[in-house]
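There are 2 protein chains.
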Amino acid sequence: MALDQVQALLFDTFGTVVDWRNGIARDVAPFLAKHGVKADAHGFADAWRKRYRPAMKEVIDGRRPFTRLDVLHRENLEGVLRDLGADPARIPEAELDHLNRAWHRLDPWPDSIPGLTRLKKKYIIAPLSNGNIALLLNMAKRAGLPWDAILGAEVARAYKRDPKAYLNTAEILGLPPEACMLVAAHNDDLAAARKVGFATGFVLRATEHGPAQTTNLTAEEDWDVVAGNLMELADRLGCPA
Amino acid sequence: MALDQVQALLFDTFGTVVDWRNGIARDVAPFLAKHGVKADAHGFADAWRKRYRPAMKEVIDGRRPFTRLDVLHRENLEGVLRDLGADPARIPEAELDHLNRAWHRLDPWPDSIPGLTRLKKKYIIAPLSNGNIALLLNMAKRAGLPWDAILGAEVARAYKRDPKAYLNTAEILGLPPEACMLVAAHNDDLAAARKVGFATGFVLRATEHGPAQTTNLTAEEDWDVVAGNLMELADRLGCPA
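Chain order of the listed sequences is A and B.
The working numbering puts the first residue of the first sequence at 1, with every later residue one more than the last.
The working numbering puts the first residue of the second sequence at 1001, with every later residue one more than the last.
One or more hints might be untrue.
[As the list claims (entries may be wrong)] Straight line, CA to CA, 25 Å or less: simulated DSS-like cross-link-like pairs of lysine-lysine: (1) K1195/B to K1057/B; (2) K1057/B to K1034/B; (3) K1050/B to K141/A; (4) K141/A to K1120/B; (5) K141/A to K121/A; (6) K50/A to K164/A; (7) K121/A to K1120/B; (8) K122/A to K57/A; (9) K1120/B to K122/A; (10) K1164/B to K120/A; (11) K121/A to K1121/B; (12) K38/A to K50/A; (13) K1122/B to K141/A; (14) K1141/B to K120/A; (15) K1050/B to K1121/B; (16) K120/A to K1120/B; (17) K141/A to K1121/B; (18) K121/A to K1141/B.
In case anyone wonders, no lab produced these hints; they're calculated from the structure.
Based on the sequences and whatever the hints tell you, model everything.
Here it is, written out as structure tokens:
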């Protein structure tokens, strides 16, 4: 694919730009201690995240109207607590809500802000995430992510990997799919984007799932660009330092 | 209204943040010369803008499904050309499209960027404009407007002064209306925002409609903040220089 057509870089966010696992575990640990729930904080983060895809699938398959991720995260949080024998109804609403917003308070990987800052000089940069607008905006404001706009599932009214998530985003930008590149650490996200005509950029995030990660350790197709992090992506795309 | 509740400043854009009349006239002038259309460029800009409210009213009143502003601008441009005896069908598509995107290339007022930069330190800042996402994004990218997100009619799926334009925006941000302030140079926009519980900030733009402007020269209600420009607004809201 001719990369000189690309005008917008659209980023998967959880895992690609921010480190969700350590961020969630950081906020989960004191919550579990306070409420006497016996569980490992990283294991809790993994269990919470594991419910993410099935919850969105209800929407993608049309069994449920579009529902923002904050709502799905909250339902999933209560499910994880119940699995651990804790009754969410006995925990104050404000504490559940605060923990649910841990997804708004994730930290970027060390290369994310310098990399995005370089990429922004040449391209439109925006998240194309399943996160809702408030989540992505609060995350960006806290972390200093220099997005040009907040796009993604809530704007496109469709969750990835539904083709509409990508195509509606291109259409909103007034760009053809080939002028858009999805940047992601996940081969299946890139495959779905390529299928509708997007350019593709793979970024390796070898510890997204912790030190024993077994998935997404290599580029599984000939993606248009492959990079070890977002600074390398800026190098590959010829963005000045 | 208690201003210490305000977390997000939402800005009317055309007229309040950018100078649409001089920007449009600048791009209209060479177009008219090239196509031999005899008309004053500022008069053309006024005529184009005059069709803006009636076009949106079709959507607000439910006679037409939500249609993005780029499309309405294009229809209105062709209408103005026909009124001047020019046949848009005889002008190359690329030239009409380029002129239509003059709305993406408007310049900010001199205080807009330094003012927004200060306000951003304390508040979420975003446009709450009738402009579509691509228009507002391209404008921000070209001019350097430091928005935290691109919001407005296309995200809220409603045009101002429809109450839904304001209420849906607050809901998307996860904020109650009283945590949102509309900042605008137009008393009727502020009145609609106040009606649904928003805080209100009036900014004087005495030459939006040119040197002979007769409207919006004063705050017509006791808006929560009144300022001569966005630097003064930053002063009034206690944002550090």
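Practice task
Take a quick look at whether K141/A and K121/A sit within 25 Å of each other, Cα to Cα.
Solution key: The given pair, whose Cα atoms are some 19 Å apart, holds under the 25 Å limit.
Exercise for the section: Assess, step by step, whether the Cα of K120/A is no farther than 25 Å from the Cα of K1120/B, and give holds or violated. Expected result: Holds, at roughly 19 Å.
Handout entry: 25 Å Cα cutoff - pair K141/A, K1121/B
Key = 10 Å, holds
Practice task
Below or equal to 25 Å on CA atoms is what counts here, so check K1164/B against K120/A.
Solution key: With a Cα-Cα distance of about 33 Å, the restraint between K1164/B and K120/A is violated, given a limit of 25 Å.
Problem - Given pair status - K164/A, K50/A, alpha carbons within 25 Å - result: 23 Å, holds
Practice task
With a cut-off of 25 Å on the C-alpha distance, tell me whether K1195/B and K1057/B pass.
Solution key: 19 Å, holds
Handout entry: K1050/B paired with K1121/B [C-alpha distance capped at 25 Å]
Key = Between K1050/B and K1121/B the Cα gap is close to 36 Å, so the pair fails against 25 Å, i.e. violated.
Exercise for the section: For the pair supplied as a hint, K1120/B and K122/A, confirm whether the alpha-carbon distance does not exceed 25 Å. Expected result: 23 Å, holds
Handout entry: Pair hint K1141/B and K120/A, alpha-carbon separation not exceeding 25 Å
Key = 9 Å, holds
Exercise for the section: Starting from K141/A, check that the Cα of K1120/B is at most 25 Å away, please. Expected result: 9 Å, holds
Problem - Restraint check for K1050/B with K141/A, where alpha carbons must lie at most 25 Å apart - result: 37 Å, violated
Exercise for the section: With a cut-off of 25 Å on the C-alpha distance, tell me whether K38/A and K50/A pass. Expected result: 19 Å, holds
Going down the numbered hints, you'll see the structure goes against 2, 3, 8, 10 and 15, while the others check out.
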